[in-house]
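S.K.: Sequence:
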Amino acid sequence: MSTEDAPLPAAPRVDGPAPHVLIVRAPYYRSVVDGLTEGAMRI
Numbered sequence: 078m079s080t081e082d083a084p085l086p087a088a089p090r091v092d093g094p095a096p097h098v099l100i101v102r103a104p105y106y107r108s109v110v111d112g113l114t115e116g117a118m119r120i
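In this text, residue positions in the sequence shown follow the numbering used here: the first is 78, and each later residue adds one.
Be careful, since some hints might not be right.
[Said to hold, decoys possible] Pair by pair, the computed Cβ-Cβ distance ranges are: (1) Met118 <-> Pro89: 18 to 28 angstroms; (2) Leu85 <-> Gly112: 20 to 30 angstroms; (3) Ser79 <-> Glu115: 27 to 37 angstroms; (4) Ile120 <-> Ala83: 22 to 32 angstroms; (5) Met118 <-> Val91: 17 to 27 angstroms; (6) Gly116 <-> Gly93: 14 to 24 angstroms; (7) Tyr106 <-> Asp82: 31 to 41 angstroms; (8) Pro86 <-> Leu113: 17 to 27 angstroms; (9) Val91 <-> Thr114: 20 to 30 angstroms; (10) Pro86 <-> Arg119: 13 to 23 angstroms; (11) Ser79 <-> Thr114: 28 to 38 angstroms; (12) Arg90 <-> Met118: 12 to 22 angstroms.
Treat the hints as calculated values from the structure; they're not laboratory data. Beta carbons: idealized from backbone N, C-alpha and C, even for Gly.
Sequences are here, hints too, so could you generate the full structure?
M.R.: Pasting the structure below:
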């Protein structure tokens, strides 16, 4: 089986509200960090 044929991974369901944690471990530009934050908020 190649990775092309592999099923997509599924995250386990966790009861309760989503945690409000965003960890960025790289020296990104501020605009990149803001984009990551906005994307996490939309999820």
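S.K.: All hints, please: hold or fail.
M.R.: Verification of the hints:
For Met118 and Pro89, the Cβ-Cβ distance of about 22 angstroms falls inside the hinted range of 18 to 28 angstroms, so the restraint holds. Range check, Leu85 to Gly112: about 24 angstroms between beta-carbon atoms, so the 20 to 30 angstroms window is met. For the hinted restraint 27 to 37 angstroms between Ser79 and Glu115, the CB-CB distance of approximately 35 angstroms keeps it satisfied. At roughly 23 angstroms, the beta-carbon separation of Ile120 and Ala83 lies within the given 22 to 32 angstroms, and the hint holds.
The beta-carbon spacing between Met118 and Val91, approximately 18 angstroms, falls within the hinted interval of 17 to 27 angstroms. Taking the beta carbon of each, Gly116 and Gly93 are about 21 angstroms apart, inside 14 to 24 angstroms as hinted. Distance hint check: the CB atoms of Tyr106 and Asp82 are about 37 angstroms apart, consistent with the given range 31 to 41 angstroms. Pro86 and Leu113 have their C-beta atoms about 20 angstroms apart, which keeps the hinted 17 to 27 angstroms range intact.
For the pair Val91 and Thr114, the supplied restraint of 20 to 30 angstroms holds, since their beta-carbon distance comes to about 21 angstroms. At roughly 21 angstroms, the beta carbons of Pro86 and Arg119 sit within the given window of 13 to 23 angstroms. Remark: the range hint 28 to 38 angstroms for Ser79 to Thr114 is upheld by a beta-carbon distance near 35 angstroms. Distance hint check: the CB atoms of Arg90 and Met118 are about 21 angstroms apart, consistent with the given range 12 to 22 angstroms.
Consistency with the previously given hints is maintained throughout, with no hint failing.
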